[in-house]
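Enquirer: Heads up: the protein sequence lines correspond to chains A and B, in order. 1 is the number of the first residue of the first sequence in the working numbering; add one for each residue after it. 1 is the number of the first residue of the second sequence in the working numbering; add one for each residue after it.
It is worth saying that the hints were derived from the structure and are not from the lab. Fair warning: there could be bad hints in the mix.
[What the hints assert, rightly or not] Computed cross-link-like contacts, SDA-like style, restricted to lysine to any residue with a CA-CA straight-line distance of at most 20 angstroms:
id: 1; chain 1: A; residue 1: 463; chain 2: A; residue 2: 452
id: 2; chain 1: A; residue 1: 463; chain 2: B; residue 2: 84
id: 3; chain 1: A; residue 1: 429; chain 2: A; residue 2: 406
id: 4; chain 1: B; residue 1: 124; chain 2: A; residue 2: 27
id: 5; chain 1: A; residue 1: 463; chain 2: B; residue 2: 59
id: 6; chain 1: B; residue 1: 124; chain 2: A; residue 2: 452
id: 7; chain 1: A; residue 1: 23; chain 2: B; residue 2: 123
id: 8; chain 1: A; residue 1: 370; chain 2: B; residue 2: 118
id: 9; chain 1: B; residue 1: 124; chain 2: A; residue 2: 25
id: 10; chain 1: A; residue 1: 23; chain 2: B; residue 2: 120
[To be verified] Derived list of chain B stretches under chain A, where covered just means 3 residues or more per stretch with a C-beta under 8 angstroms from a C-beta of chain A:
id: 11; stretch: 9 to 21
id: 12; stretch: 216 to 229
Ideal placement from N, C-alpha and C gives every residue a C-beta, glycine not left out.
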Amino acid sequence: MDIFDIPPAPSPVSGGGGLGVVKIGRAVGLAVRSLWLHKLRSLLSVLGIVIGTSSVIALMAFGEGSMKDALDDIKRQGATNIVVRSVKPPDDSAAAANTRSWVAAFGLDSRDIARFQAFGKAISMMVPMRVFPSEVRYLERVHNARMVATVPEYADVNKLPIARGRFLVSDDEVNRINNCVLGSATADKLFPFEDPIGRTVFCRGDKYLVVGVAADRMPTGGTGGSLAAEDYNNDLYIPLSTCNQYIGSKVSIRSAGSRSAEQVEISQVTMTVDAEVDTAAGRATVKAIGDQIKRLLERHHEKKDWAVTIPLDRLEDAERQQERFTSLLVLIASISLLVGGIGIMNIMLATVTERTREIGIRRALGAKQKDITAQFLVEATVQTTVGGLIGVVVGLVLVFVVPIAPAGLAWMADRALLAESAAWLRTIKLPATVNVPSIFLAVGVSVGVGVLFGWYPARRAAKLDPIEALRHTA
Amino acid sequence: MAAIVEVIDLFKDYFLEGHIPVNVLKGLNLSFDEGDFVALMGPSGSGKSTLMNILGCLDRPTAGQYLLNGGDVARMSDDRLSEIRSTYLGFIFQAYNLLPQYTVVENIELPLVYQGVRLDQKTKDRCVALAEMVGLGTRLDHRPLQLSGGQQQRVAIARSLVNDPHVILADEPTGNLDSRTSVEIMQMLRELNKAGKTIIMVTHENDIAAWARRVVRLRDGLVESDVRNDDHQPDLTAAH
Ligand SMILES: Nc1ncnc2c1ncn2[C@@H]1O[C@H](COP(=O)(O)OP(=O)(O)OP(=O)(O)O)[C@@H](O)[C@H]1O
Ligand SMILES: [Mg+2]
């Protein structure tokens, strides 16, 4: 043994120690090693963090997904539209008795249309509709369709996609031509084998030439009770002018099993406001015009035989709901992160006690208080960060597994011959959209929780008296 | 020879339950020269460990001065004391005090970590060379629990040398070892002392103290006797 053969000691750095940028990597490595000694314990102690972050990721994704769903639905209806419909007034039976008539006449009429036209350029499109259930026939095939008499702009306003042929054009309207466009379900029913274009269908005693078929379309949701869910696929579209000429401007619709009938001149008017839906000003315009229309109708209609629906309201409802959901989520996340943080603090305090002697040794060998603080702070933070990352993975797995779970369960139910449950399961829709910022937020908050809740145990470790710590027997 | 460690009128009181004073060191005056090898002896409770803690900058005296290499350490900040420990002092403990999760080399390296030096191949080479010097060249990657007590104490000696300290402080370094291993450790310390290292060692055993050049006896917080030992050193060959 010869000490003179030993390479010289490096010259010490004055003010050394502490947590420099270069040292962080090393500190993290050491922390991982310490934690690796107690894998299960470390994992259990970050369970709160795992649950917190995974629920944020998953719930955020499902919230976003259903929001997107609602938005798509609203966009399908046209976000700057205002829909005015005729509705049966509540005191209808009394009114019918008073007029001693079996026919209840109510709703919008051509005078209302004229009033709406006073808005001029503010309303870029106005589409009146008359709707009556009608039997449509082709050869021996019959289909109960929803006959919609409307103008060519209908396709634009309702964002109706055409699969084949064309929609009604102004020529049809101006010249009152007996052309029609079929909804996809109507077309399927009447023409299961042949091409419908160019064929003639019978409806309400008249012949109509099929000029187009609409593409299959998702029905719009009917929330809020003001607008019934609409299934466009059952439709049969004819020009409004043609309808007025051949069917008449007043049509009585007898409801089945009742002796009364209803007479409505115009079932619905859809107006598109000239505004940008993405700007606050645009939204305000839509709302202002909606209010004016309501006041107009109130003034000119004795009975409340109309209803105004503004899809934008639903959009804002959905947004408000999203906000409520988000704050609930924040609450859940905060609680589980708080619990997680307390878990970390608890385990770190136990670790500090357990490793008191180690702390004493390190202090004797030259560790400063801040070295000890850094060591335990890094350890706590590494732990919560790993917990956060596990949470992200679990959350993402949930996001991808849960939406396909009903289908999987349905498949199993089918195998178990539970057709009903299978069918029910198949109706469950769980749209999910991964929110990327939420991932970063979750990991960032996990790091923060580690620093916050690791601080006290780390300071406690650093403040231990070196001598006492050295004397400590585990 | 210049005094490297000097205490002047050193007092240390402990306060039981916060107010009842226990006077442990009662005005010690001691001076240790550079390159000396001192054995501190005395009955249990005489204040040997208390003095060692102060000399090791782990504790502060209640009153008096402690000059380390000429500078007064007694009133320095906690951070500064840590720096002094990591740069000027080497510790050898009775209970070895190695970190169980670290390998031999990593344990030896530890004081350098807190010096803030860059841990590169050169420092690694030094740690390995020290491990080889204390006879653990084949056990570099072992963990303390895989080593015998004597081997662990050798690791501790290597660790106490890694920062090239001014003074090595050893509180009962052979207290947990059998006599044969104790002799091996003492040989090692004597070699270091011959190479110029200042060593201050606490021991209860006369035959261990006999390895030192100077024996200081404490009793009730005061120096009882202070003898130079240079003439009757045990024969090195006798141990083999
Ligand atoms: N933290 C403390 N609080 C109160 N009294 C203490 C404390 N540490 C030491 N003492 C007292 O100081 C006295 C000297 O203790 P010290 O550990 O220095 O003795 P020692 O000489 O090292 O004894 P031994 O040979 O048994 O190790 C003892 O009476 C002890 O009770
Ligand atoms: Mg003692």
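Enquirer: Measure nothing beyond the straight line between the CA atoms of residue 463 of chain A and residue 84 of chain B; if it is 20 angstroms or shorter, mark the hint as holding.
Expert: 18 angstroms, holds
Enquirer: Residue 463 of chain A and residue 59 of chain B were given as a pair; does the straight-line alpha-carbon distance stay at or below 20 angstroms?
Expert: 14 angstroms, holds
Enquirer: Regarding the pair residue 124 of chain B and residue 25 of chain A, is the alpha-carbon distance no greater than 20 angstroms?
Expert: 18 angstroms, holds
Enquirer: Check whether the Cα positions of residue 370 of chain A and residue 118 of chain B lie no farther apart than 20 angstroms.
Expert: 18 angstroms, holds
Enquirer: Just to be careful, I want the Cα atoms of residue 23 of chain A and residue 123 of chain B compared with a cutoff of 20 angstroms; is the pair within it?
Expert: 16 angstroms, holds
Enquirer: Would the hint linking residue 463 of chain A and residue 452 of chain A be met if the CA-CA limit is 20 angstroms?
Expert: Within the cut-off at roughly 18 angstroms; holds.
Enquirer: Taking only the CA atoms, is the gap from residue 124 of chain B to residue 27 of chain A under or equal to 20 angstroms?
Expert: Holds. Residue 124 of chain B to residue 27 of chain A sits at ~18 angstroms (cutoff 20 angstroms).
Enquirer: If you look at each residue in the stretch 9 to 21 of chain B, do at least three have a Cβ nearer than 8 angstroms to any Cβ of chain A?
Expert: Our answer is that it is violated, as 0 residues pass the Cβ test (under 8 angstroms) against chain A, missing three.
Enquirer: Within 20 angstroms, alpha carbon to alpha carbon, are residue 124 of chain B and residue 452 of chain A?
Expert: Distance of about 36 angstroms is beyond 20 angstroms: violated.
Enquirer: State whether the coverage of the stretch 216 to 229 of chain B by chain A holds or is violated, taking the criterion as 3 or more residues with Cβ-Cβ distances under 8 angstroms.
Expert: violated (count 0)
Enquirer: Measure nothing beyond the straight line between the CA atoms of residue 429 of chain A and residue 406 of chain A; if it is 20 angstroms or shorter, mark the hint as holding.
Expert: 8 angstroms, holds
Enquirer: Given the hint that residue 23 of chain A pairs with residue 120 of chain B, does the C-alpha gap stay at or below 20 angstroms?
Expert: 13 angstroms, holds
Going down the numbered hints, you'll see the structure goes against 6, 11, 12, while the others check out.
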